[in-house]
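Go ahead and model the full structure; you've got the sequences and the hints to work with.
In case you want the letters, here they are:
There are 4 protein chains.
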Amino acid sequence: MQIARPLPQYLIQRYHGWKATTHAENKAWYRRLADEGQRPRAMIISCCDSRIHVTSIFGADEGEFFIHRNIAGLVPPYAPDGDYHGTSAAVEYAVTVLKVANLVVLGHSKCGGVKGCHDMCAGNAPQLEEKTSFIGRWMDILRPSYQRQSGIADEEARLEAMEKDAVLVSLENLLSFPFVKSAIEAEELSLHGAWNDIGAGIVEYFDGETGRFVPV
Amino acid sequence: MQIARPLPQYLIQRYHGWKATTHAENKAWYRRLADEGQRPRAMIISCCDSRIHVTSIFGADEGEFFIHRNIAGLVPPYAPDGDYHGTSAAVEYAVTVLKVANLVVLGHSKCGGVKGCHDMCAGNAPQLEEKTSFIGRWMDILRPSYQRQSGIADEEARLEAMEKDAVLVSLENLLSFPFVKSAIEAEELSLHGAWNDIGAGIVEYFDGETGRFVPV
Amino acid sequence: MQIARPLPQYLIQRYHGWKATTHAENKAWYRRLADEGQRPRAMIISCCDSRIHVTSIFGADEGEFFIHRNIAGLVPPYAPDGDYHGTSAAVEYAVTVLKVANLVVLGHSKCGGVKGCHDMCAGNAPQLEEKTSFIGRWMDILRPSYQRQSGIADEEARLEAMEKDAVLVSLENLLSFPFVKSAIEAEELSLHGAWNDIGAGIVEYFDGETGRFVPV
Amino acid sequence: MQIARPLPQYLIQRYHGWKATTHAENKAWYRRLADEGQRPRAMIISCCDSRIHVTSIFGADEGEFFIHRNIAGLVPPYAPDGDYHGTSAAVEYAVTVLKVANLVVLGHSKCGGVKGCHDMCAGNAPQLEEKTSFIGRWMDILRPSYQRQSGIADEEARLEAMEKDAVLVSLENLLSFPFVKSAIEAEELSLHGAWNDIGAGIVEYFDGETGRFVPV
Numbered sequence: 001m002q003i004a005r006p007l008p009q010y011l012i013q014r015y016h017g018w019k020a021t022t023h024a025e026n027k028a029w030y031r032r033l034a035d036e037g038q039r040p041r042a043m044i045i046s047c048c049d050s051r052i053h054v055t056s057i058f059g060a061d062e063g064e065f066f067i068h069r070n071i072a073g074l075v076p077p078y079a080p081d082g083d084y085h086g087t088s089a090a091v092e093y094a095v096t097v098l099k100v101a102n103l104v105v106l107g108h109s110k111c112g113g114v115k116g117c118h119d120m121c122a123g124n125a126p127q128l129e130e131k132t133s134f135i136g137r138w139m140d141i142l143r144p145s146y147q148r149q150s151g152i153a154d155e156e157a158r159l160e161a162m163e164k165d166a167v168l169v170s171l172e173n174l175l176s177f178p179f180v181k182s183a184i185e186a187e188e189l190s191l192h193g194a195w196n197d198i199g200a201g202i203v204e205y206f207d208g209e210t211g212r213f214v215p216v
Numbered sequence: 001m002q003i004a005r006p007l008p009q010y011l012i013q014r015y016h017g018w019k020a021t022t023h024a025e026n027k028a029w030y031r032r033l034a035d036e037g038q039r040p041r042a043m044i045i046s047c048c049d050s051r052i053h054v055t056s057i058f059g060a061d062e063g064e065f066f067i068h069r070n071i072a073g074l075v076p077p078y079a080p081d082g083d084y085h086g087t088s089a090a091v092e093y094a095v096t097v098l099k100v101a102n103l104v105v106l107g108h109s110k111c112g113g114v115k116g117c118h119d120m121c122a123g124n125a126p127q128l129e130e131k132t133s134f135i136g137r138w139m140d141i142l143r144p145s146y147q148r149q150s151g152i153a154d155e156e157a158r159l160e161a162m163e164k165d166a167v168l169v170s171l172e173n174l175l176s177f178p179f180v181k182s183a184i185e186a187e188e189l190s191l192h193g194a195w196n197d198i199g200a201g202i203v204e205y206f207d208g209e210t211g212r213f214v215p216v
Numbered sequence: 001m002q003i004a005r006p007l008p009q010y011l012i013q014r015y016h017g018w019k020a021t022t023h024a025e026n027k028a029w030y031r032r033l034a035d036e037g038q039r040p041r042a043m044i045i046s047c048c049d050s051r052i053h054v055t056s057i058f059g060a061d062e063g064e065f066f067i068h069r070n071i072a073g074l075v076p077p078y079a080p081d082g083d084y085h086g087t088s089a090a091v092e093y094a095v096t097v098l099k100v101a102n103l104v105v106l107g108h109s110k111c112g113g114v115k116g117c118h119d120m121c122a123g124n125a126p127q128l129e130e131k132t133s134f135i136g137r138w139m140d141i142l143r144p145s146y147q148r149q150s151g152i153a154d155e156e157a158r159l160e161a162m163e164k165d166a167v168l169v170s171l172e173n174l175l176s177f178p179f180v181k182s183a184i185e186a187e188e189l190s191l192h193g194a195w196n197d198i199g200a201g202i203v204e205y206f207d208g209e210t211g212r213f214v215p216v
Numbered sequence: 001m002q003i004a005r006p007l008p009q010y011l012i013q014r015y016h017g018w019k020a021t022t023h024a025e026n027k028a029w030y031r032r033l034a035d036e037g038q039r040p041r042a043m044i045i046s047c048c049d050s051r052i053h054v055t056s057i058f059g060a061d062e063g064e065f066f067i068h069r070n071i072a073g074l075v076p077p078y079a080p081d082g083d084y085h086g087t088s089a090a091v092e093y094a095v096t097v098l099k100v101a102n103l104v105v106l107g108h109s110k111c112g113g114v115k116g117c118h119d120m121c122a123g124n125a126p127q128l129e130e131k132t133s134f135i136g137r138w139m140d141i142l143r144p145s146y147q148r149q150s151g152i153a154d155e156e157a158r159l160e161a162m163e164k165d166a167v168l169v170s171l172e173n174l175l176s177f178p179f180v181k182s183a184i185e186a187e188e189l190s191l192h193g194a195w196n197d198i199g200a201g202i203v204e205y206f207d208g209e210t211g212r213f214v215p216v
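Chains as they are written, first to last, in the UniProt record's numbering: chain F, 1 to 216; chain E, 1 to 216; chain Y, 1 to 216; chain L, 1 to 216.
What the hints contain is simulated information worked out from the structure, not anything from laboratory work.
Be careful, since some hints might not be right.
Treat identical chains as interchangeable: a pair holds within one or across any two.
[Claimed, not checked] Quick list of in silico lysine-lysine cross-link-like pairs, DSSO-like style, CA-CA up to 27 Å:
{"hint": "1", "residue 1": "27", "residue 2": "99"}
{"hint": "2", "residue 1": "27", "residue 2": "131"}
{"hint": "3", "residue 1": "99", "residue 2": "181"}
{"hint": "4", "residue 1": "19", "residue 2": "131"}
{"hint": "5", "residue 1": "99", "residue 2": "115"}
{"hint": "6", "residue 1": "131", "residue 2": "115"}
Predicted model, so just to flag it, every value in this text is computed and none were measured.
Structure representation (structure tokens):
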């Protein structure tokens with residue numbers, strides 16, 4: 001790996017800022033977390049998007065949330081085929097090893113992944129249909145949603161509906177994992193869906209009883 | 001998804017805290033990020049571990065870093081087989097759509113994923129060898145490292161060596177992606193490796209010239 | 001302009017140092033900033049003083065802060081009389097074109113401009129009273145502060161009070177600009193005042209609620 | 001100034017990073033600079049643009065350069081009319097009080113101020129013609145250049161020519177200041193012009209003998 005370069009200066013200065021403040025203030029806590037291991041209360045699955053950090057929105061202090069971030073915060077269906085499944089591995093670790101009490105899937109507005117899926121299904125992004133497009137294949141998970149929401153005339157509203165569908169598709173796929181299902185049945189785990197409007201700073205959660213997203 | 005439950009109260013309280021402070025302070029910035037889109041300077045790949053949030057260590061302001069988190073912060077090799085590849089999709093999005101300038105892989109001490117890989121390879125975790133173990137199959141990516149580091153007598157030192165190997169394996173796998181390689185050749189992208197000691201709060205970066213990890 | 005001389009050698013050497021390090025490390029980022037334009041999050045107004053560079057104190061990465069520097073970091077009151085107003089033009093560009101979210105006025109200790117104002121008002125610098133003195137006329141902006149702080153016996157303390165007054169006078173003058181006022185009312189902009197002690201390296205911010213400067 | 005808000009968190013964290021590194025490493029130097037005053041070798045006049053920090057390009061350590069930044073890095077002509085002239089005050093302070101040895105005017109590519117001047121002169125930005133437009137009135141300083149460069153067909157080339165003209169116009173205006181002229185005649189001061197290509201990272205200086213900009 002001769003090609004690897006030292007850390008950019010801007011990250012180094014940021015690191016020193018953290019070391020002099022957050023870390024200095026919480027030295028003992030970091031030491032304990034290192035010595036005794038983590039014991040997070042919740043797993044949160046959200047998007048890689050730089051505009052929405054659950055650590056900020058939910059004020060994640062160190063040791064509290066086990067966070068998996070991928071494009072659009074999607075969970076694929078259970079498929080124990082021996083291949084690499086990063087998301088499924090993260091869910092398995094959170095539920096069976098860490099035994100988190102809550103598992104939250106957090107979607108968001110203006111999601112580039114969902115937009116890509118929409119455009120691909122609408123026939124406007126043929127490059128995403130190619131076998132070599134990892135983004136396209138990953139967004140296949142959400143493909144059924146395009147058909148479901150195609151009746152919505154306004155594109156922005158249709159995209160938002162698909163963003164919220166993405167949360168529900170992930171929650172449904174989570175139920176296809178035997179260890180998730182049994183943890184829920186044993187009342188050791190609960191599932192939660194939410195969606196964040198980046199511009200307005202609003203969070204809506206999914207209400208299983210009414211089947212709607214509701215502002216908190 | 002009738003099974004989905006409202007957001008836990010502790011997350012709602014955190015959210016309102018964020019809304020009243022960070023969001024209130026930066027309303028205009030959030031609005032612009034929503035309207036104009038993200039333009040992150042770097043992608044950071046790190047672990048889901050609740051004890052190490054790059055948003056904290058690198059003071060990630062909204063809109064700055066595109067963050068993918070999975071078990072052990074691993075990148076699998078390039079495999080355009082049409083299946084779901086969440087990590088590869090995230091890398092493709094960051095490099096080809098967002099055109100980030102830096103791609104940082106950040107490993108850390110006391111990594112549960114690396115420990116699992118170690119124990120599995122040592123024959124002490126047979127359940128991770130099963131085809132149905134997503135954790136085991138995901139950690140197969142790091143398997144060659146066990147052999148490489150088996151000469152280290154002290155287990156803690158061996159684990160740390162494997163944690164750092166995980167960073168290098170991910171960087172090497174990144175080079176197997178054609179779009180990563182060509183972005184580097186076009187001087188549009190640089191790769192960086194780093195490792196964080198949770199307890200001590202130290203960050204080391206990988207120096208490609210000497211082939212060693214060096215404290216910043 | 002035959003009189004213009006080539007760049008001094010010491011600047012050329014510095015430039016090559018930057019080219020070989022910061023620029024080489026961030027080639028792609030500079031290219032993107034050039035192609036896509038700047039989108040700074042904040043405007044910072046500070047002094048020309050060579051001892052206080054906000055780029056250093058706030059680790060200004062390229063593209064982050066729009067920086068105006070003049071003597072004492074002063075903002076004159078709104079005066080759309082058709083004359084040249086460099087500071088007002090900078091504020092107008094930042095607020096109406098770039099739409100920055102934060103506008104920070106940063107004063108500092110041992111400010112030569114403030115000292116000049118103090119001495120002029122005390123009758124000890126008659127040359128600054130002349131119509132041809134640009135420094136004197138510029139520092140007229142701060143003149144009311146001398147009267148206000150004249151009760152402080154210790155000169156050093158009096159000067160510090162005037163330096164902090166300079167920040168407040170600038171913030172007040174900023175409010176006299178209609179586009180600043182309306183951006184604040186639309187919650188698109190917030191004003192911030194701060195003061196840096198050069199020798200001690202301390203930064204204090206102005207707390208609008210208590211009306212005092214407080215160390216960060 | 002009840003309206004003033006505390007410093008945003010992202011600036012506070014940056015500050016702590018600086019305090020723990022740059023300041024900690026140079027404590028004694030900062031202390032001396034505070035106690036003994038500044039003694040900068042050069043004054044640099046450049047743009048407020050967030051993409052070009054002379055502190056970075058010329059590696060400005062604390063105490064070395066007296067830096068004035070305004071829109072497009074312009075210097076208006078000498079006009080001792082008793083009004084506020086921030087740029088003239090800065091030049092007067094640098095030349096008569098600090099007695100800098102070099103005065104550098106640094107222009108740059110993709111300059112929003114120059115583009116505004118161009119569009120205004122081309123009749124495409126009527127709002128900049130209004131008396132209340134501080135940007136428009138400030139850019140009046142460069143107005144003669146539009147006519148001069150109007151023969152260049154390619155807009156990008158025309159803008160670059162105007163950006164370089166801006167440097168020359170400023171240098172010429174500097175000569176209209178009696179104290180600048182006499183300092184040059186006494187060989188205590190030299191003037192320098194330069195232009196930075198943001199994307200390519202190239203710096204060109206103005207060669208008074210050939211009347212051309214030349215890469216360093």
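Hints breached by this structure: 2 and 4
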